[in-house]
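K.L.:
Chains as they are written, first to last, in the numbering used here: chain V, 23 to 1113; chain Y, 15 to 202.
Think of the hints as simulated: they come from the structure by calculation, not from any bench.
Take these hints with a grain of salt, some might be off.
Facing chain Y, from chain V, some residues (calculated, C-beta under 7 Å) [as the list claims (entries may be wrong)]:
#1 189
#2 193
#3 205
#4 207
#5 208
#6 211
#7 213
#8 217
#9 219
#10 940
#11 941
#12 990
Looking from chain V toward chain Y, a few residues come up when the C-beta cut is under 10 Å (computed) [unchecked claim]:
#13 140
#14 141
#15 191
#16 202
#17 587
#18 755
#19 757
#20 758
#21 938
#22 944
#23 961
#24 967
#25 982
C-beta atoms are modelled at their ideal positions from N, C-alpha and C, and glycine is treated no differently.
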Amino acid sequence: VRPLTLSFTGLRSYDTFGPVSFDNRSLVGILGDTGAGKSTILEALCVALYGKCSWSDRDVKDLIADGAPTMTVDLTFRHDEHRWRIRRTFYTNTMPTTALLENLDTGAKVDNIRPVDKAIVAMLRMDFTAFRSAVLLPQGRFATLLHATDRERTDLLKGIFGVDTVALVREFAQARRVALGDLLQDAAVSRATMLPDPAGEAVAAAARAERAERQTAELTEDITRLRGLQSSTAMAVNHAYEITTALRAVNDAADELDRGQIESVVAAAATIEDDLAAAERDTTASELQATDQLETAEAALADAEAAGIGATRLASALSTLERLHTEREAVEAEQARITTEAQRLAAERARLDAAAADDPAREREVAQLSDTAATIQQHCEDVQNAVNELTGQVRDVLDAAAAAASHAEELQQLSDQAAAVTAKLPELERQIADSDEALNIARLGVESAQRAEAAAVAGEHLHAGDNCPVCARPIPGPYTPPAPVDADALNTAQTRYQDASDALSRARSQRDEAQRRLRDLTDTAASKNRAAQASRTAVTASCGEMTGWTALATLAAPIDDIAWPDGVTSPIPIVAGTVRDDLSAGVSRIAAHRDADGPQRRQLLEHMLAPARRYSADLRTAAAEVDRAAATARVELNSERRDLKRQVTGYQREAEAFDDAHRRLASTVRKVAEAVGNLPGSVRAPLPELPGADQELANWLADLTDQQITAARAVLDAATAAIAGYELDRIAAQRRLHELAQTRSATARRRDIEVVAPLRQAVRAYENAAAALRSARTYQPDLPEPDAIGVELTPTAVRRYGQAIVADVSHAGVALSETKGTADRLADQQRRSLTEDLSAVLARIGEAPVDLTIPDPQDATLLTAATLDPLTNARGVAGEQARTARAEEQAAADQVARATALDEAITAGQLRRTTLDDLCLLLAEGKFQTDLTDRRTRALLGVASELFSRLSGGEFGYAEQFQVVARRSGVARSAKTLSGGETFLASLALALALVELYSRTAGRLGALFLDEGFGSLDVDTLAAALEVLRAETGGDKLVAVISHLHAVAEAVQDVLWVEKDSSGSAARWLTGEQIADLVHDDAAAGLLSLT
Amino acid sequence: LREITGTLEQIGAHADRIGSAIVKVIVDTATPSPHLAEQVTALLPHAEVVRVEERCAATRIQLLDRTADGAEEPELPELFRDYLARVGTRGAGAEHVLASFGELLAEASIADTVHDCATLPEEDMLTAVLAGDPVPNRTRERLLVTSLASETRPPERAAPRRQRSRPRSVPPTEMVDPSAASSAEVTR
């Protein structure tokens, strides 16, 4: 993996980075101050390739810059001569991370995290741990490979060494071996179901088939010929038989006609036919007479119907007249009932109107009661508010009185304390005077001692005659220097002076404190005195204002203009004077320091306010009672209104029912009048004329008399009798015509039985004879065609037909006898030929059953199919043998190709399986994998040892097992005992060796990233290490060195300078001049530090 | 600073010449000496000894260095061929084993797991025969028994069996060359 360009956004301290190109750069220094963001560039590489952090196993989202919604990393790199681009995007919210790997040369893409991670590991042949240990050496963790255990080291390097590949090849070999074994087993099972030698078996079966097929063909030919012979013989025999049958039929017909019975039947039928014709002529005359009678009756009935007095109209008129009495009585009764109901409804309507008129007065009564309840309720609330207000006012007066008493008491206590302090002041002044005197005495003592000591010091080296250092006069002799002052005495004097000074300070302090206390007490007393005076003034003012309290007036005033309902008592207001007296007495008690505490004041308060509270409670009770009375009145009024509404509804329903009855009566009357109007005119004539208006119909009906109805009924009965006479005539004519039709039918039946049936029997006998004649013409075409029967079955026609048939039958018998003799002879000859041919074939087969007998030429079985059964059986057996042989040949032939292919595939598969068996063993962990690991480890350490020597100035090298060896002494050193610089160089040597070794084998590592580590090197070692790096880079390799040392810039080819400000980190390539300046500044700074 | 190398005897012989110089001493010994620093100090009483290193013949460890042919690390097929020449096979032909290794190694460059591994031509042939299908000539030509059946036939390389988007880590030129395998010194 050889990075080409890198860009990223929202990663740690970077808002954006790049794109930065690493193409055509070999040795790159990523430089900058500590904390500038250099290592973040390597983090971006790890995130791009593996989606992981280099410095921990924590969630890579921890790398997202503060406040950035996303983190994207975009890396283009070259691997195995292909250019690849990998992009990953991480989100701070719950959106899933995206990853895309793209081959920029082929366009192939891999999407999603897991497939991309998998593709990267497979491509680089190393997982992230190996990458972090071998390719990207993170800050502080570059010695992972050096310090790893053997096991860990093997795991880290197995991808680079190709051991992973060998293990994968072995897995593939095992998988293919198992799959191959299964297929070989299936193939063996399949081959076992086939013939051992399918080709040979096919040839043998073909020979058998040919033999059987030849025999079958010969027998088929024989059977076909013999069946033809059987058929022709059977036709000859049948022809002779048919001629015999026809001759027998002709002879039988002649015998039947010769017996004479048929002619007598025809004669009897002729006689009966004459009688039947005479009877039919009589019947026809009678039918004409009856028809005339029927037509006359029907014409009379039609005339009556046209005149409106038909049978239907008369029946309807009869029904109308019969129910006219009943309808008249019912109408009269309903009219009487309707009149009575109308009177009752009028009275009910008057009663309901009167009840509705009372409702406004009732409503006013209830409203007045509700107003009264509201007024009392409002007064009740006013009284309660007055009680509350009075309670507060009285409590304020009592509290003010208690406060005034308390202030007076505190004032007295302050006065007592001030007197006590004033009494102590003279004593304190005396103590100050005593202390001042003691201090003056001590001061003199100290001054005396100090003078003595000064004199002793000054005179210590003087002699008589010397000038006095004080007065400059000569010292007289003899002179004795003053004795030095005792040190203890001077100290004692100073101590006494200090004690006296302290005592004076204490006395003055106490006096000042007493004076300050006295001033405080005086000020406090004045303040308390003003407060007591104010309290007393307030109490006096409150008591004086009490007569003007509105609350007291409210409680004492009676309730005016209230009409109390019956049973409710008016409460009695309080007496204001009593409350004032109680309040004055209470204030006096408190001022006298009695009942001044809280509970006592509350008790006094309760006592004074008890009448007011009682009055308020009584008023609430009265208000509740009035309210209940108003509510009860409202409920009763509403109940009465609901009853009235129900009664009005009932009245309306009855009025509607009355109207319905009235309409029904009018309808009934109209229907009766309509029925009367529909009566025939002659029947309606005796009744009075119907009125024109509907209102008069009822009266018309009521005025109708029984005599009028009876007269109309008589007219109706006369018309009905006339119609009945015409109806009887019509029925009699119809009955006569029916009887004549039955007579004609009986005559026809008798003709069928006694005339037509015998004639048909005679014709049938003649037709039988004609049929025999037509059969005979089949074998003797010269015979005449018999005549056909006539259309009519009359005795004359039948007799003529019979005579012609008898003549033809006689002639046909003679001619047909000659034809029969010729046919019999031909049949005999054919039978004999068939018998001879069959005998010859059976003799040739030679395989016929022993009990087989050939039928006689006259035997009927000779011509049956069963006679040839031995031949068909033999042919069947031969055919079956041929089919079986061909099937066996085909089956064997079918197996040839598959068996050959299976044998070939099994041979190839077994060879491969044997090979895979050995390959799996050889590639096992303890075998080739171990050999490969050992070999490439040696190669790695060889290169690393040489590089380590160059890096360390010939100091160190590597031996087996990654042992670090001091070259001069040959002594192995534990890697953990190396210094920081040595450890870095040892790791750098390993990393460079890995890059070189990897580039020799399958892939190309292409890049190495070193994060710090140079800081642990001294100046000379650093220079040597950078020199080695310069030498090792080249070609397409990229070695990137991260360092905070500016001196590194001198050794690298390109410098990516990283710096950070308030807006975040940024990176840029430095020009050659900038690199030179950087190195120069660093050197100058180093010189300055030396001075 | 002077560096002095030699046995204790040799160092002691030069003690006068060393005098009071500042020295780093490397002592050649036959066996490990526990109090070497004291012995050297005693031998060089006037010198300022800053460091004493022991170069013990008994514990001297052989350093590793680049081999002569280290510039080219052999590929896996070559290493496997060498390994096979040393250990031999159990019964299969060495050429067949090498050829199979080469085929599966080529497969490993394009398949990541066993499930992705392509079938061998012998499997394809058996599968086709069992299904009653014809065996393609391409399959037949790749059979182990065919590819190495005759030495007169030109060697065939294991061609990639299917195209993948990912390039091959092991290019085709690095596949097993059967002709090379047949010329190797292989023991059974």
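K.L.:
If a hint holds in the structure, say so; if it does not, say that too.
P.N.:
Now the hints, each set against the structure:
The interface hint given for residue 189/V is violated, since its Cβ lies 9 Å from the closest Cβ of chain Y, which is over the 7 Å cut-off. The restraint placing residue 193/V at the interface with chain Y holds, with a minimum CB-CB distance near 5 Å, inside the 7 Å limit. With a cut of 7 Å, the hint placing residue 205/V at the interface with chain Y holds, because the nearest CB-to-CB distance is about 4 Å. The criterion of a C-beta within 7 Å of any C-beta in chain Y is not met by residue 207/V, whose closest approach is roughly 10 Å, and the hint is violated.
For the restraint placing residue 208/V at the interface with chain Y, the shortest Cβ-Cβ distance is roughly 6 Å, inside the 7 Å limit, so the hint holds. This hint is violated: residue 211/V has a C-beta 10 Å from the nearest C-beta of chain Y, more than the 7 Å allowed. Interface restraint check for residue 213/V: the shortest CB-CB distance to chain Y comes to about 10 Å, outside 7 Å, so the restraint is violated. Annotation: interface hint on residue 217/V violated; nearest CB of chain Y at approximately 17 Å, more than 7 Å.
Checking residue 219/V against chain Y by beta carbon gives a least distance of about 19 Å; that is not within 7 Å, so the hint is violated. Given the 7 Å rule on beta carbons, the hint for residue 940/V holds: about 4 Å separates it from the nearest Cβ of chain Y. Nearest Cβ of chain Y to the Cβ of residue 941/V: about 5 Å, under the 7 Å cut. The hint holds. Of the supplied interface hints, the one on residue 990/V holds, with its beta-carbon coming within about 6 Å of a beta-carbon of chain Y, less than 7 Å.
With its C-beta approaching chain Y no nearer than about 6 Å, residue 140/V sits inside the 10 Å limit, and its interface hint holds. With a least beta-carbon distance of about 7 Å to chain Y, the hint placing residue 141/V at the interface is held under the 10 Å criterion. Restraint check, residue 191/V versus chain Y: the minimum CB separation of about 5 Å is within 10 Å; hint holds. For the restraint placing residue 202/V at the interface with chain Y, the shortest Cβ-Cβ distance is roughly 6 Å, inside the 10 Å limit, so the hint holds.
Restraint check, residue 587/V versus chain Y: the minimum CB separation of about 103 Å is more than 10 Å; hint violated. At its closest, the beta carbon of residue 755/V sits 102 Å from a beta carbon of chain Y; the interface hint therefore is violated under the 10 Å criterion. A least Cβ separation of about 99 Å between residue 757/V and chain Y goes past the 10 Å threshold, and the interface hint is therefore violated. A cut of 10 Å between beta carbons decides the hint on residue 758/V: the least distance to chain Y is about 101 Å, and the hint is violated.
For residue 938/V, the interface hint holds, the least distance from its beta-carbon to any beta-carbon of chain Y being 6 Å, beneath 10 Å. Hint on residue 944/V holds. Least Cβ distance to chain Y is approximately 7 Å, under the 10 Å limit. A least Cβ separation of about 6 Å between residue 961/V and chain Y falls short of the 10 Å threshold, and the interface hint therefore holds. Annotation: residue 967/V was flagged as interfacial toward chain Y, and the flag holds, the nearest CB pair being 5 Å apart, inside 10 Å.
A cut of 10 Å between beta carbons decides the hint on residue 982/V: the least distance to chain Y is about 7 Å, and the hint holds.
Going down the numbered hints, you'll see the structure goes against 1, 4, 6, 7, 8, 9, 17, 18, 19 and 20, while the others check out.
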